[in-house]
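Asker: What follows is the residue order along each chain.
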Amino acid sequence: MGIYEISFWFLTVMALSCALGVILSRNPVNSVLFLIATFFAISGHYILLNAQFLAIVNIIVYAGAIMVLFLFVIMLMNLNADTEPQKNRLVQIAGAISGGTLLLVILAALRTSTITSLDQTSTDIGLIKNLGKTLFTQFVLPFEISSVLFLSAMIGAVVIGKKEQTV
Amino acid sequence: MPVQYYLFLSLALFCIGMMGAMMRRNAIIVFMCIELMLNAVNLLMVAFSKMYNDAAAQIFVFFIMVVAAAEVAVGLAIIVMMYRKVHSVDINILNRLKH
Chain A
1 MGIYEISFWF
11 LTVMALSCAL
21 GVILSRNPVN
31 SVLFLIATFF
41 AISGHYILLN
51 AQFLAIVNII
61 VYAGAIMVLF
71 LFVIMLMNLN
81 ADTEPQKNRL
91 VQIAGAISGG
101 TLLLVILAAL
111 RTSTITSLDQ
121 TSTDIGLIKN
131 LGKTLFTQFV
141 LPFEISSVLF
151 LSAMIGAVVI
161 GKKEQTV
Chain B
168 MPVQYYLFLS
178 LALFCIGMMG
188 AMMRRNAIIV
198 FMCIELMLNA
208 VNLLMVAFSK
218 MYNDAAAQIF
228 VFFIMVVAAA
238 EVAVGLAIIV
248 MMYRKVHSVD
258 INILNRLKH
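Residue numbers (this note's numbering), protein chains in the order written: chain A, 1 to 167; chain B, 168 to 266.
I should point out that these hints are in silico values taken from the structure, not numbers from a laboratory.
All figures in this text were calculated on a predicted structure; none of them were measured in a lab.
Errors might be hidden in some of the hints.
Not the full set, but computed from the structure, chain A residues with beta-carbon under 10 Å of chain B [stated by the list, open to error]:
#, residue
1, Ala19
2, Asn50
3, Gln86
4, Ala94
5, Ser113
Simulated coverage check for chain A against chain B, where a stretch passes if three residues somewhere in it have a Cβ under 8 Å from a Cβ of chain B [what the hints assert, rightly or not]:
#, segment
6, 5-16
7, 29-38
8, 52-64
9, 67-79
10, 135-143
Heads up, the beta-carbon is just placed ideally off N, CA and C, and yes, glycines get one too.
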């Protein structure tokens with residue numbers, strides 16, 4: 001087992017166990033911290049897959065911005081394990097069984113598929129130069145549209161979050 | 168490393184996120200589980216991008232991140248407003264949609 005396999009299995013176990021921690025921990029703050037750890041593990045997988053730019057963007061955008069937003073909201077609301085609403089046991093078991101059944105069905109369907117193995121030679125398609133060229137030639141229209149999406153999301157968040165006047 | 172391993176890993180992450188979305192009643196945790204499912208898809212896209220040696224899949228991942236960021240901003244604003252009105256983040260209270 002080379003360093004590649006060792007880091008693959010380490011990151012896989014870390015991602016899966018932290019993802020389980022997200023849904024199983026009672027305290028919402030712990031859930032957020034587990035989710036950040038999951039995102040770091042996924043970023044490690046991106047580096048193994050030669051997608052260095054996406055690894056950095058994943059850490060900056062997800063772990064740095066989105067999860068901090070979650071953490072702020074949870075701390076502003078002062079949520080903790082005592083105020084955590086719990087579904088009854090039956091609904092929880094039903095959710096776990098249906099999720100596990102989906103996993104089993106797709107796993108069984110894909111188990112015998114033959115897909116070529118990934119070669120471990122490093123490619124440069126994940127580097128910022130290559131991605132930037134693709135983004136600004138082939139995908140320039142979706143890029144511009146996403147700026148409109150961001151503007152509308154920003155305005156929407158401000159309008160929704162505003163203190164209500166007398167309606 | 169066979170690409171199936173990445174397929175199974177992202178499938179497992181997706182199913183964990185789905186289980187969490189069904190098992191929890193806290194609206195913020197449900198939101199976080201949706202983020203987890205989006206990230207599972209991202210991981211699979213990057214694996215396929217490496218498999219086909221194509222940069223387009225990584226651009227799609229980039230756009231998924233953009234949409235997720237916009238979604239989180241609006242969604243958290245809605246949750247904060249709901250908390251101001253009913254002082255709870257329980258999604259069972261949302262089923263009335265009108266206080």
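Asker: Compare the structure with each hint and give your call.
Answerer: Hints versus structure:
1. Ala19: 5 Å, holds
2. Asn50: 6 Å, holds
3. Gln86: With a minimum Cβ separation of about 7 Å from chain B (threshold 10 Å), the hint on Gln86(A) holds.
4. Ala94: 8 Å, holds
5. Ser113: 7 Å, holds
6. 5-16: Coverage by chain B holds for the segment 5-16 of chain A (5 residues, Cβ < 8 Å).
7. 29-38: holds (count 4)
8. 52-64: holds (count 6)
9. 67-79: holds (count 7)
10. 135-143: holds (count 4)
Checked against the numbered hints listed earlier, the structure breaks none of them; every hint is satisfied.
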